[in-house]
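Sequences and hints are given; from them, build the entire structure.
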Amino acid sequence: MIKDSLPKKGSLLHLTDRVKEILKNELNLEVLEDTAKQEDYPEWDSLTYLRIVAALESEFGIQITPDNINKFNSVLNIVEEIQKNS
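Heads up: the sequence shown begins at 5 in this note's numbering, then just goes up one per residue.
Possibly wrong hints are sitting among the right ones.
Straight-line C-alpha distance at most 25 angstroms; calculated BS3-like pairs for lysine-lysine [unchecked claim]: (1) K28 x K41; (2) K88 x K28; (3) K41 x K24; (4) K41 x K75; (5) K75 x K28; (6) K75 x K88; (7) K41 x K88; (8) K75 x K24; (9) K88 x K24.
FRET-style restraints, in silico, Cβ to Cβ [said to hold, decoys possible]: (10) E37 x A59: 29 to 37 angstroms; (11) S62 x N32: 16 to 24 angstroms; (12) K88 x Y53: 18 to 26 angstroms; (13) V35 x D71: 27 to 35 angstroms; (14) A59 x T39: 29 to 37 angstroms; (15) S50 x D71: 13 to 21 angstroms.
Hint data in this document are derived by calculation from the structure and do not stem from the laboratory.
Positions of the beta carbon are idealized from the N, C-alpha and C atoms, including for glycine.
Here it is, written out as structure tokens:
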């Protein structure tokens, strides 16, 4: 998944669904709301956080830096950051 495979900026729903699928996979969940936040899921610990970051970087062809890594703590924030970097 290279950067060219990113949905167009108008495809917010598709992007959100892709992010949610990654999070559900890493958190071993079947359902995840758009409003999900790290603090709501005890299983979203520091090790899982790193796996999520790695999966997002791989899927979307982005590089998450120390400057913005703390912003990847909710579905909505993740989608927003990916849009900014695509």
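Do the hints match the structure? See the list:
no. : hint                          : result
1   : K28 x K41                     : 12 angstroms, holds
2   : K88 x K28                     : 23 angstroms, holds
3   : K41 x K24                     : 11 angstroms, holds
4   : K41 x K75                     : 11 angstroms, holds
5   : K75 x K28                     : 18 angstroms, holds
6   : K75 x K88                     : 12 angstroms, holds
7   : K41 x K88                     : 19 angstroms, holds
8   : K75 x K24                     : 16 angstroms, holds
9   : K88 x K24                     : 18 angstroms, holds
10  : E37 x A59: 29 to 37 angstroms : 19 angstroms, violated
11  : S62 x N32: 16 to 24 angstroms : 18 angstroms, holds
12  : K88 x Y53: 18 to 26 angstroms : 19 angstroms, holds
13  : V35 x D71: 27 to 35 angstroms : 32 angstroms, holds
14  : A59 x T39: 29 to 37 angstroms : 20 angstroms, violated
15  : S50 x D71: 13 to 21 angstroms : 18 angstroms, holds
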